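Colleague: Using the sequences and the hints, build the whole thing.
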Amino acid sequence: MTNPPIATGTWHTAAQPLAAGGGAGDHRTLIISLFSVFVAITLAITVWAGRQTKDATDFYAGGRSFSGFQNGLAVSGDYMSAASFLGIAGAISLYGYDGFLYSIGFLVAWLVALLLVAEPLRNSGRFTMADVLAHRLRQRPVRTAAGTSTIVVSIFYLLAQMVGAGALVALLLGASGEASRRWIIVLVGLVMVLYVTVGGMKGTTWVQIVKAVLLIAGTLLITVLVLTKFHWNISTLLGRAAEASGKGQAFLEPGLQYGKDSTSKLNFLSLGLALVLGTAGLPHILIRFYTVPTARAARTSVNWAIGIIGAFYLMTIALGFGATALVGPKAITASNESGNTAAPLLAQEIGGGAGSTGGAILLAVISAVAFATILAVVAGLTLASSASFAHDLWANVIRKGRTSEKEEILTAKIAAVVIGAVSILLGIFAHRLNTAALVALAFAVAASANLPTILYSLFWKRFTTRGALWSIYGGLVSSVTLVIFSPVVSGNPKALFPGMSFDWFPLGNPGLVSIPLGFLLGWAGSLLSREAADPQKYAELEVRSLTGYGAH
Amino acid sequence: MDSEEAVGTPPTAAEGPDEPARPTIPAQHDRFVRAQQSEEFAELRRAHRSFAFPLTLAFVTWYLLYVLLSNYAGSFMDIRVLGHVNVAFVLGLAQFLTTFLIAWWYARHAAAKIDPKAEALKARMEAAE
Chain G
1 MTNPPIATGT WHTAAQPLAA GGGAGDHRTL IISLFSVFVA ITLAITVWAG RQTKDATDFY
61 AGGRSFSGFQ NGLAVSGDYM SAASFLGIAG AISLYGYDGF LYSIGFLVAW LVALLLVAEP
121 LRNSGRFTMA DVLAHRLRQR PVRTAAGTST IVVSIFYLLA QMVGAGALVA LLLGASGEAS
181 RRWIIVLVGL VMVLYVTVGG MKGTTWVQIV KAVLLIAGTL LITVLVLTKF HWNISTLLGR
241 AAEASGKGQA FLEPGLQYGK DSTSKLNFLS LGLALVLGTA GLPHILIRFY TVPTARAART
301 SVNWAIGIIG AFYLMTIALG FGATALVGPK AITASNESGN TAAPLLAQEI GGGAGSTGGA
361 ILLAVISAVA FATILAVVAG LTLASSASFA HDLWANVIRK GRTSEKEEIL TAKIAAVVIG
421 AVSILLGIFA HRLNTAALVA LAFAVAASAN LPTILYSLFW KRFTTRGALW SIYGGLVSSV
481 TLVIFSPVVS GNPKALFPGM SFDWFPLGNP GLVSIPLGFL LGWAGSLLSR EAADPQKYAE
541 LEVRSLTGYG AH
Chain U
1 MDSEEAVGTP PTAAEGPDEP ARPTIPAQHD RFVRAQQSEE FAELRRAHRS FAFPLTLAFV
61 TWYLLYVLLS NYAGSFMDIR VLGHVNVAFV LGLAQFLTTF LIAWWYARHA AAKIDPKAEA
121 LKARMEAAE
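In order, the protein sequence lines correspond to chains G and U. Each step along the first sequence adds one to the number in the UniProt record's numbering, with nothing skipped, and position 365 is 365. Each step along the second sequence adds one to the number in the UniProt record's numbering, with nothing skipped, and position 35 is 35.
Hints in this document: simulated from the structure, not taken from any laboratory. Any given hint might turn out to be false.
What the hints assert, rightly or not - Computed cross-link-like contacts, DSSO-like style, restricted to lysine-lysine with a CA-CA straight-line distance of at most 30 Å:
id, chain 1, residue 1, chain 2, residue 2
1, G, K54, G, K406
2, G, K537, U, K122
3, G, K461, G, K537
4, G, K260, G, K247
5, U, K113, G, K537
6, G, K265, G, K330
7, G, K54, G, K413
8, G, K400, G, K494
9, G, K265, U, K113
10, U, K122, G, K461
11, G, K400, G, K413
12, G, K400, G, K260
13, G, K494, G, K265
14, G, K229, G, K247
15, G, K265, G, K247
16, G, K461, U, K113
17, U, K113, G, K413
18, G, K400, G, K265
As the structure is a prediction and not an experimental result, all values here were calculated from the model.
Modeller: Below is the structure:
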C-alpha cells in the first residue's frame, strides 16, 4: 500500500482542543463579526459591480477593464485557495520537507502559463478556453468536450474548498458543530452564488482582490510573529520543528511521506508532474486573462501573480514548520488528521495559546481570512464553470449560436445556482479528504485533459478535431478513472470509502499516466484523422494569437 | 464523434472561427495566410518560439530533476549546508529563485523583441482592412 498523498485523513470531530479552551465563546463571536464584515463589504462591491454589468463582456470578462496589477492580485486570489493556505501548511507541519513540494510545484507551474498560454489565449479568445480551440477545430464537438472537462475540473476543485471550509468549522465549533457545519457550508454556497449571479466577473474579480490582500496580510503577520520567536533564524526554526516532530533530522529530508518504497516514489513524481503542468489548464485561471485589455496586460498580470504567489508560498515554510515547532504534530492531528487546521492552530498558539485573548484574536483573524479565501475561490470556480456551460454548451452547442446575449447570461446565472447547489451537497457529504491532495487531483485532470489541447491548438499546425477530442476525453476519462481506483478512494482506513477495496491503481495521483496519455492521444488522434488540419484556419489562429489582431 | 467527423466540415456560418455572427469568407482567410507567410511574421514567431520553447524545456527539466533528486538521491539531498538547512532546502529555494528570474527575463525579452514586431504587424493588418 502506498501512502495516500497527504490525502485522506480521518475526520475527528471528537477531539477538539479549541472547544475545551476557555476563550471558545470569544473567538466565535469575533470570527463571526470579522467574517460578516468581509461578506458585507464584498456583497456591497458585488451589488455595485452588478449595476455596471450590462453585456456579456461585462458578465464574463469584467468588461476587460482591469489593469495588469489588479488582475495579478485577482489571479493570486483565485489561485491561493484553501489548499494553499490550509492544505500546504498542514502538509508541511505533518510531513516536513515532503509537504514543501506543493509550494514549489504550484509556483513553477506559472511559467508554463506565462511563456506559452496567457498571451495567445488573451489574443485569440473571448470568454472561455474553448473559444481558442473553436478558431480552427470543429466548434460543436470541441466545445462540448472542453465544456465538460471545465466543469469536471472545477467540481474537483470546488470539493477541495468545501472540505477546507468543513475542517475550519469543525475546528471552531467542536463536536457539537455538525449541524452548524452544514449551515455554514450552505451559507458559503449561497454567498458565492450571489457574488457570481449579481456581480458577474467584475464583482468576482474585486472579491478576489480584497481577499488576496487580506490573505497576504494575515500570512505575513503570522510569519513575522513566528520568525521573531526564532530570532529570524531559519535554521533554528527548522531544528525546533525537527525536534518537535519526533522524527529528528529526517523531518527536514525528502522521503518522510513519499520515500517508503518505489511505488510511493513514483507517486511523488506523479504529483510533481501534475502540479507543474496543471495550472495552465485550470479553467478558472484561464478565464482571468480575458479581464484585461491586451496580451501585454495579461503578461503583466502573470508576472505580478508569480511575485505575490511566490512570496506567499515562501511564507508557507514558516507557517508549516512553525506549526510543527509550536503546536506540535499531536495537537495538529488531534484536530484534523490530514493537517488542514495547522495554520489557524498556529495563529492561536502564537497569539498566546488557547484561552488567551491574543490567541482568540489571532485565531479569529486567520479563520476569517481562511473563510474569505474559500469563499472567493469557490466564486471563481463557479463563474468559470457556469460561463463555460452557458457560452460553450448552451449557446454554441445546444442552441447552435441562435441565442441572445441576454439568454446566454441568464443561462450562466442558472448554471451558477445549480453548481452552487452541487458544491453545497458535496461539501456536506465529503469531509474526510485532505484539501491540498484533492486540489492536486484537479491539477492532474486539468493537465491531462486541457493542457495538451491548448498547446497543440496554439502551436501545432497538424492538430485536428479528432486529436482534440481524443486528448480531452482520453485525458479526462483516464485521470478520473485512475482516481476512482486509487488508494484515495478505497482500500485503506484513510480512504473515502474505507470499507471497500477496489484500489488496483497504486498511485494517489494519476498524473504520471494520464498526462502523457493526454498528449499522446492528441498526437495520435491528429495523425489518424480522416480530415487533415485546415492550414487556413491555423493561419488565422496563429496570426491572431501572436499579433493580437482582431482581439476582443 | 467519429461519424460526425466523416461528414466533414461545410464552412457554414455556425462553424465560423469564434462567433457565429462572423462569416468566414475566403478573402479573410487569404489575408491571414498571407500575413502568416510574411517574413515579418516568421521573425515574430521565431522571437517567441526560440525563447519560450527552450526555456520551457529547461525549467521543466530542472524542476523534474529536483523532484527526481528528492526521490532517488537522498544522501545527496540530506547533506547539511548551514545548521539544519540541507541541500534539499537550498535546491527548493533555488526553484523559487529561478522562477522569479525566468519571469523577469521573459518580460524583458517580450518587451524588447516580441511586442514591437507584434504591434507593427497588427497595425499593418488593421490599416489594410
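Colleague: Checking one constraint from the list: CA of K400 (chain G) to CA of K494 (chain G), max 30 Å. Satisfied?
Modeller: Violated, at about 46 Å.
Colleague: Is K461 (chain G) within 30 Å of K113 (chain U), Cα to Cα?
Modeller: holds, 24 Å
Colleague: K537 (chain G) and K122 (chain U) were given as a pair; does the straight-line alpha-carbon distance stay at or below 30 Å?
Modeller: holds, 18 Å
Colleague: Between K494 (chain G) and K265 (chain G), does the CA-CA distance stay at or below 30 Å?
Modeller: Roughly 19 Å between the alpha carbons, so the hint for K494 (chain G) and K265 (chain G) holds.
Colleague: Given the hinted pair K113 (chain U) and K537 (chain G), is their Cα-Cα distance within 30 Å?
Modeller: holds, 26 Å
Colleague: Would the hint linking K54 (chain G) and K406 (chain G) be met if the CA-CA limit is 30 Å?
Modeller: holds, 9 Å
Colleague: Measure nothing beyond the straight line between the CA atoms of K54 (chain G) and K413 (chain G); if it is 30 Å or shorter, mark the hint as holding.
Modeller: holds, 14 Å
Colleague: If you draw a straight line from the CA of K113 (chain U) to the CA of K413 (chain G), is it 30 Å or shorter?
Modeller: Not OK: K113 (chain U) and K413 (chain G) at ~42 Å, beyond 30 Å, violated.
Colleague: With the threshold set at 30 Å, check whether the alpha-carbon distance from K229 (chain G) to K247 (chain G) stays at or below it.
Modeller: Holds: K229 (chain G) and K247 (chain G) sit about 22 Å apart, inside 30 Å.
Colleague: Please verify whether K260 (chain G) and K247 (chain G) have alpha carbons no more than 30 Å apart.
Modeller: holds, 15 Å
Colleague: Is the Cα-Cα distance between K265 (chain G) and K247 (chain G) 30 Å or less?
Modeller: Distance ~19 Å between K265 (chain G) and K247 (chain G) Cα, so the pair holds.
Colleague: When you check the alpha-carbon spacing of K461 (chain G) and K537 (chain G), does it fall within 30 Å?
Modeller: OK: K461 (chain G) and K537 (chain G) at ~9 Å, within 30 Å.
Comparing the model with each earlier hint shows violations of hints 8, 9, 12, 17 and 18; every other hint is respected.
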